[in-house]
Amino acid sequence: MTAVHSAVAATLAGERRTITLDANRSLFWFALAVLVLPLFIANPFYQGLFVVWAIYVIAVSGMNIVTGYAGQVSLGHAGLFAVGAYTTSILNVDHLMFPWASIPIAALFTAFVGLLLGIPALRVVGPYLALVTIAFNFLIEKIVLAGGKFTGAASGKYGVAKPLISTSGSYDYSGFWILVALLAVATVWICRNLVASRWGRAWNALRNDTDCSRISGINVTTAKLAAFTVSAFFAGLAGALLAHYQGQVNIESFTLNESLTLLLMLLLGGQRTLAGPIVGAAIMVLLPVLLGPIDAWRILINGGVLVLLVLFLPDGLASLFRPKAAGGQLASTEPVKLHHYSDMEKPLRVAGISKSFGGVITAAAVDVQIKPGTVHSLIGPNGAGKSTLVNMVSGLIKPDSGQIRFNDERIDHLEPHEITKLGVARIFQNVRVFHDMSCLDNVMVGAHCRLHAGLIGSAFRSDRQKLEERQALARAHALLNLVGLSGRADVIAATMSYGDQHTLEIARALMSDPHVLFLDEPAAGLTSEEVQHLGEVIRAIKANGITVFLIEHYVEFVMDISDTVTVLDFGRKIAEGPPEQVRNDPAVIEAYLGKPQEHGQ
Amino acid sequence: MAWQTVIQLLFSGLALGAVYGLVALSYSTIYATRNVINFGQGELVVLGSLLGVSMVVGGKVPVLIALVVAAAVVALAALLVEWLAVRSVKEVTRNMIWVMSTFGLGICMNQLMQKIWGTDPVRFPKFIGKDEPIQLGQVTMLPQELGVIIIAVVVAVAFEAFRRNTLMGKAVRATAMDRDTASLMGIDTRKVVYGSYALSGALATLCGFLVAPIQFADPNGGVLLSVKGFIALVIGGLGSPIGGFLGGLFLGLLEIGSASFISEVWKDVITFGALILVMLIRPSGFFGKLG
Amino acid sequence: MSLLTVNNLAARYGPINAVSGVSFNVEKGQMVGIVGRNGAGKSTIMRSICGLHKPSAGSISFDGQRVDGLPGHETLRLGIAYVPEGRRIFSEMSVSDNLVLGGFVKSGAERARQLALVYSMFPVLAERARQAGGTLSGGQQQMLAIGRALMSNPRLLMLDEPSMGLAPIVVNDLFAAIRALHKVGLTIIIVEQKAYLTLKMVDFAHVVVHGHVTASGTGHELLNSDAVQASYLGKGGAKSPAPVSSPARTEASQPAVASIEPIRVRSATDRARAVEAAFNGAQNAHDEPIDIRQLQLTPPSTTRLRWPRG
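Chains as they are written, first to last, in our numbering: chain A, 2 to 602; chain B, 66 to 356; chain C, 3 to 312.
Since the hints were derived computationally from the structure, they do not count as laboratory data.
Since the structure is predicted, the reported quantities are computational estimates derived from the model, not experimental observations.
Take these hints with a grain of salt, some might be off.
Stated by the list, open to error - When the alpha-carbon atoms are kept at most 20 Å apart in a straight line, the in silico EDC-like pairs for lysine to aspartate or glutamate are as follows:
#, chain 1, residue 1, chain 2, residue 2
1, C, K56, B, D245
2, C, K108, B, D253
3, A, K143, A, D212
4, A, K150, A, E253
5, A, K143, B, D245
6, C, K56, B, D243
7, A, K422, A, D401
8, A, K163, A, D95
9, B, K180, A, E577
10, C, K30, C, D65
11, C, K108, C, E87
12, A, K143, B, E329
13, A, K399, A, D409
14, C, K56, C, E29
15, C, K202, A, E591
16, A, K372, A, E577
17, A, K150, A, D212
18, A, K574, A, E253
19, A, K143, A, D296
20, A, K422, A, D368
21, A, K574, A, D586
22, C, K56, B, E329
23, A, K150, B, E329
24, B, K180, B, E197
25, A, K422, A, D561
26, A, K372, A, D401
27, A, K422, A, D409
28, B, K256, C, D65
29, A, K399, A, D212
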């Protein structure tokens, strides 16, 4: 494969390199600040601020995952904060449990509550979800107030003990800040690992485009619940630490205003960055000190800052600094191994598929058999139901009747990510890439269903996870090579040309090692050079034994590249066979142009 | 429990529910044309009631005139929400940023109102009848409550009639369904949107005037109203204003019922619990479609 | 003066040039067809005229007045009614509500009169007046969409792919109705994929390929060539050359269709070849697309009845 095209070079001018903070550097400076600096500060009030800062860093780093990366707006995060604080207080005060036990239990219980909170998120999005989170915040508040002696109701709980830590040979309380600081550093480290793992990619993907995530092989349900659980764990941990630090809890400090503060910490510093929560928490913690006499207006200022931030600086302060691009691994020069399937018989059969939308029949008893290892195209006039067919095969829509069988197993009832895992991949008609993500990350998302690392493994960078990632990375680079996008690994997808984005989608689809690849109008909007390039890519894919199913309007292209052509009209198949036969079929001509009658023929 | 008490509770619940229903209605008018929910809507209601207090109690202005003036002010405030928090956001429906900006703006309004009117709830004199309950057969009830129910139902019905039967109402519905095609009919969709905001503000003001005499004009009550109004909308179904109103009635009954039969303290837990239940079972509500 | 003049129109969707250098006129009382494959840019041209899309270059004049860049509700008031691709009726509203909305800008009396007219043209709509628009069949929805456009008593009616998704027999009826509208003097632009049917019906037509007008002529002329088929289904046999080129090449070498010189044609074969070349958008000896108007004159169709003026 020698094709690297000048058209690609022509568009390089407008592209932007990936912005990624140097995560290791942030981590280092933070660790330094929070572990070493307090040693030089004598005033206990300011020492206390460091502890509070560290606690908020834990909470907001968690919030970053669910709101920043996974895109699930959480306006009631203080509720989770409260759950952690109250759980440990109740265990410690009423049941005399040691903080060493009650803190982890509180964190885990809050994680469980977060998991429950994630369940509505599976069914609703956007403003509804925001409402649910606000209602959740209120709910926790009301439960506490109604809890009588159990929760201390309006008066709260007192006498929460600080864990004993040895700093100078004898057990005392002053080392508490070391514990908190270490936990904060650990949290930031874990969050970094998660974000860099397949989970982080999955969260980014589902934030960008949920349907596209599904067909890329991501189980969106699992990913969303994981995001909620992880962020709740850290919120609970932070809340528990706060309770022990203050020695008391009161529901007054966990109202909607507190949720606003947490949200601001996240947004001010910058979502989706490692340093964002750190910087944001620092600013907000210092705010009462900075505001001094006008502190009474603090909440108003918070509200105003939120509005201004959201409108003018949605990426927070982090976007004001131009961090250098991440140093990536060198592109592999080995050719990619796409599995040879030519000796395997894995036909895809669409049998008697029907679908109607509100009385309009989009597909009627369509019957198509796709032979493995061939390029099979589907053409038909506009409104003939072609895209609906692809949507049904990939699982985004369920057919009203009929079956789709892959390798003689029914797949029409499966979820999109399951279908992808079986080996049926697709790309979309209107190019759908993950806009905020780099080329490389876009392609890596395709590997999601082939990787196995769990949350824990990813959080702590187990050896198996590291090995998996290396292998996936090598394959991704090789695929970028194959489709002609090598050297553009760090480029943000949104800044690429339309044709390049299309090619990127193909690379992503190939990453999941498919047997069959569905391409929905891949030539739409492409220049003729890009179309030629596309043809070469398709031939390369076919040469590797992957079956290609193509839906197109661009008839010359289809006739050129296909082994078989099927023609649909009004959702019905009207012709099928080799290109030459179909092109001259009178039924086909009539479908496209209308009856010629006496004229012209 | 005596049946008379039940009837009284019923009316109290309906009165409260009528208020929630009007809040839901005021959400709908914006949502229908702009696909946006103003998370600070409750603050507009509170603003209306506080303005009312200042004018009626402080300025001795007749209630109806105070209502009109307050409605005008709140309508302007609603337009301000659009201008500040929504319009500046590009691609309104795809980005959910307006959730946070309206939320933030609502908090700002809340704080400003607290600075002006203080943090304590203020009494709003009942303007329908006096403080003494009246006797209807064996049932005693506050005339204000009865008045609230009647006014709210009339407004809701009139609103629905407007939407269904007048040309302008149809134009508004068309704009909500398909903005581009609506403009092909010669409808100036931008004016429709602005009109919707103003109407939303007016409804919020009416709501404020109706709820304050029953409870209080509470500068801090905005968020709770926002949330409950939204819950009513969700129960009824986002696409259906009349559904939202009915959802509000249901919510009011649920709340008063829980307060009386279970406990005052747990009533909100039940209300919010109901929301989450609806979200899980039937996110599109009982009358509408998911946005 | 032409009723509608489109001059050097260009329009884009983000980075994609959907339309460039399109120019044509529409005279009062004419029916003009714009045919081409899916994705050729036909709808974009329509949407630019009626105000749903802002052109990036060029001008559009209606009855002497510049209309490019005007929003949709203003072009309607000027007399341009557009029936969108996919019909876009308000499916949750009744048939009569849909129609009434079409007459939004008119007075009550005018609306009533137009409504009676539309019901007499399409009796099936009268039968189903109270039904929700979404429950109508495809063909009936199309009639509703056209009826709705007629409610504003337009001077120019633009139809975007009216035959899409409809069975042939329904299409016949529909086109009969459109022909009737033309007969009474309404100026119509019709955009279609179904080229043969359209070319039979129109006075004049333009073929659009990849956002450019590659050939223009009377319906009759374009019908008589195999080139229309070629532009849809490609030439048989060897690999066909890439069709109209990438934007970069276009801007450099493709002149506007408006400025064309007449081609000398000596024989029928000559003409056929010229037409074929035009449809392929390929280079002929003169390196320009050909305007078939210059090849043969056709007398304009006479109009007897006038469409009632409000």
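Here is how each hint holds up against the structure:
| no. | hint | in the structure |
| --- | --- | --- |
| 1 | K56(C) with D245(B) | holds, 13 Å |
| 2 | K108(C) with D253(B) | holds, 14 Å |
| 3 | K143(A) with D212(A) | violated, 37 Å |
| 4 | K150(A) with E253(A) | holds, 17 Å |
| 5 | K143(A) with D245(B) | violated, 45 Å |
| 6 | K56(C) with D243(B) | holds, 19 Å |
| 7 | K422(A) with D401(A) | violated, 24 Å |
| 8 | K163(A) with D95(A) | holds, 15 Å |
| 9 | K180(B) with E577(A) | violated, 76 Å |
| 10 | K30(C) with D65(C) | holds, 9 Å |
| 11 | K108(C) with E87(C) | violated, 24 Å |
| 12 | K143(A) with E329(B) | holds, 11 Å |
| 13 | K399(A) with D409(A) | holds, 18 Å |
| 14 | K56(C) with E29(C) | violated, 23 Å |
| 15 | K202(C) with E591(A) | holds, 15 Å |
| 16 | K372(A) with E577(A) | holds, 13 Å |
| 17 | K150(A) with D212(A) | violated, 48 Å |
| 18 | K574(A) with E253(A) | violated, 67 Å |
| 19 | K143(A) with D296(A) | violated, 28 Å |
| 20 | K422(A) with D368(A) | violated, 24 Å |
| 21 | K574(A) with D586(A) | holds, 13 Å |
| 22 | K56(C) with E329(B) | violated, 59 Å |
| 23 | K150(A) with E329(B) | holds, 17 Å |
| 24 | K180(B) with E197(B) | violated, 33 Å |
| 25 | K422(A) with D561(A) | violated, 31 Å |
| 26 | K372(A) with D401(A) | violated, 25 Å |
| 27 | K422(A) with D409(A) | holds, 16 Å |
| 28 | K256(B) with D65(C) | violated, 27 Å |
| 29 | K399(A) with D212(A) | holds, 14 Å |
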